[in-house]
Amino acid sequence: MDYERKSLYWIFALLLLIIAPIVILITPMIVSLTISDSRDKIVFIPLSTSMVMYALAFLVVIVLFCVMYFSRSVLFNSITGIIVFIGFIFMFSQGVQNYVYLHQDYIEYNPVWGSNALYNWGELASVSHEMYDEDLDRDEKYIFEFKDGYTFEFLVSGLVNAEVQSKIYQKLVQLDVPYKEY
Numbered sequence: 000m001d002y003e004r005k006s007l008y009w010i011f012a013l014l015l016l017i018i019a020p021i022v023i024l025i026t027p028m029i030v031s032l033t034i035s036d037s038r039d040k041i042v043f044i045p046l047s048t049s050m051v052m053y054a055l056a057f058l059v060v061i062v063l064f065c066v067m068y069f070s071r072s073v074l075f076n077s078i079t080g081i082i083v084f085i086g087f088i089f090m091f092s093q094g095v096q097n098y099v100y101l102h103q104d105y106i107e108y109n110p111v112w113g114s115n116a117l118y119n120w121g122e123l124a125s126v127s128h129e130m131y132d133e134d135l136d137r138d139e140k141y142i143f144e145f146k147d148g149y150t151f152e153f154l155v156s157g158l159v160n161a162e163v164q165s166k167i168y169q170k171l172v173q174l175d176v177p178y179k180e181y
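When we follow numbering that gives the first Met the number 0, the leftmost residue of the sequence shown carries the number 0, and every step to the right adds one.
Check before you lean on any hint, since a few could be wrong.
Stated by the list, open to error - Heads up, simulated DSS-like pairs for lysine-lysine below, C-alpha to C-alpha not over 25 Å straight-line:
1) K40 / K166
2) K140 / K5
3) K166 / K146
4) K170 / K140
5) K5 / K146
6) K166 / K179
7) K179 / K140
8) K146 / K170
9) K170 / K40
10) K146 / K40
11) K40 / K5
12) K146 / K179
To be verified - So the derived label-pair ranges between C-beta atoms look like this:
13) K140 / V172: 19 to 29 Å
14) S92 / Q169: 33 to 43 Å
15) E133 / Y168: 33 to 43 Å
16) Y105 / I85: 25 to 35 Å
17) I82 / E152: 29 to 39 Å
18) I18 / P177: 39 to 49 Å
19) W112 / I82: 17 to 27 Å
20) Q173 / V66: 29 to 39 Å
21) I82 / V172: 43 to 53 Å
22) Y168 / T48: 22 to 32 Å
I should point out that these hints are in silico values taken from the structure, not numbers from a laboratory. Please read all numbers here as calculations on a predicted model, not as lab measurements. Glycine included, each C-beta is placed from N, C-alpha and C at the ideal position.
Could you put together the complete structure from these sequences and hints?
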């Protein structure tokens, strides 16, 4: 393989290194607009592991492009290229599918590893709202516990503002769900 063609691997790796942070930052916004742009939406929260999956997808591609640069085998580079493409699509899609979606009618929790949980608000057993505490080094988060014992939590990010917190609280009061705040 000639030198100019091999140098394309470095160029692709450097371009991805420059573009990756931008894509990682705007992807949650794009996913939020495409998946949950509804009148009845309370909030769509991409989980923090989404960003990790996006970054990991780009990191694997960049590292494998560098490995391909040093390889002399066309067969190895072809196989690695296919693995790069499939691996990137798989890891990136895992990040896209990692979210909490609070709708007026239901609650959807979709973790990276595990099955999607879809519940009606009436199936809630209790909700806890842990406030930020610097002394305990505790982040602010919501903990949803359902009647079947399933529990999940999510950190309160910039997306969960006072308006969203008010909507959650009003929904819980309307359904007489126990609410603890500490």
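Each hint, compared with the structure:
Between K40 and K166 the alpha-carbon distance is near 10 Å, which keeps this suggested pair within the 25 Å criterion. Distance check on the hinted pair: K140 and K5 sit about 48 Å apart at the alpha-carbon level, beyond 25 Å; violated. Among the hinted pairs, K166 with K146 is consistent with the structure: their alpha-carbon atoms are about 21 Å apart, no more than 25 Å. Taking the CA atoms of K170 and K140, the gap is about 17 Å. The hint holds against a cut of 25 Å.
Between K5 and K146 the alpha-carbon distance is near 58 Å, which puts this suggested pair outside the 25 Å criterion. For the hint pairing K166 with K179, the CA-to-CA distance comes to about 16 Å; that is within 25 Å, so the pair holds. A hinted pair counts as satisfied when its Cα atoms are at most 25 Å apart, and K179 with K140 qualifies at roughly 12 Å. Proposed proximity of K146 and K170 is supported: the alpha carbons are some 17 Å apart, at most 25 Å.
Of the supplied pair hints, the one linking K170 and K40 holds, its CA atoms being roughly 13 Å apart against a limit of 25 Å. The suggested pairing of K146 with K40 holds, with an alpha-carbon distance near 23 Å, which does not exceed 25 Å. Distance hint between K40 and K5 is unfulfilled; the C-alpha atoms sit about 49 Å from each other, more than 25 Å. Our distance criterion of 25 Å between C-alpha atoms is met by K146 and K179, whose separation comes to about 16 Å.
Between K140 and V172 the beta carbon distance is about 20 Å. The supplied range of 19 to 29 Å therefore holds. A beta carbon spacing of about 34 Å between S92 and Q169 agrees with the range 33 to 43 Å that was offered as a hint. The hinted window of 33 to 43 Å between E133 and Y168 is violated, with their beta carbons roughly 24 Å apart. Under the hint 25 to 35 Å, the C-beta atoms of Y105 and I85, about 33 Å apart, fit the expected range.
In this structure the hint that I82 and E152 lie 29 to 39 Å apart at CB holds, the actual value being about 35 Å. Between I18 and P177 the Cβ separation comes to about 47 Å, which falls inside the hinted range of 39 to 49 Å. Under the hint 17 to 27 Å, the C-beta atoms of W112 and I82, about 21 Å apart, fit the expected range. A hinted range of 29 to 39 Å is violated for the C-beta pair Q173 and V66, which are about 56 Å apart.
At roughly 52 Å, the beta-carbon separation of I82 and V172 lies within the given 43 to 53 Å, and the hint holds. The given range of 22 to 32 Å is respected by Y168 and T48, whose C-beta atoms sit roughly 26 Å from each other.
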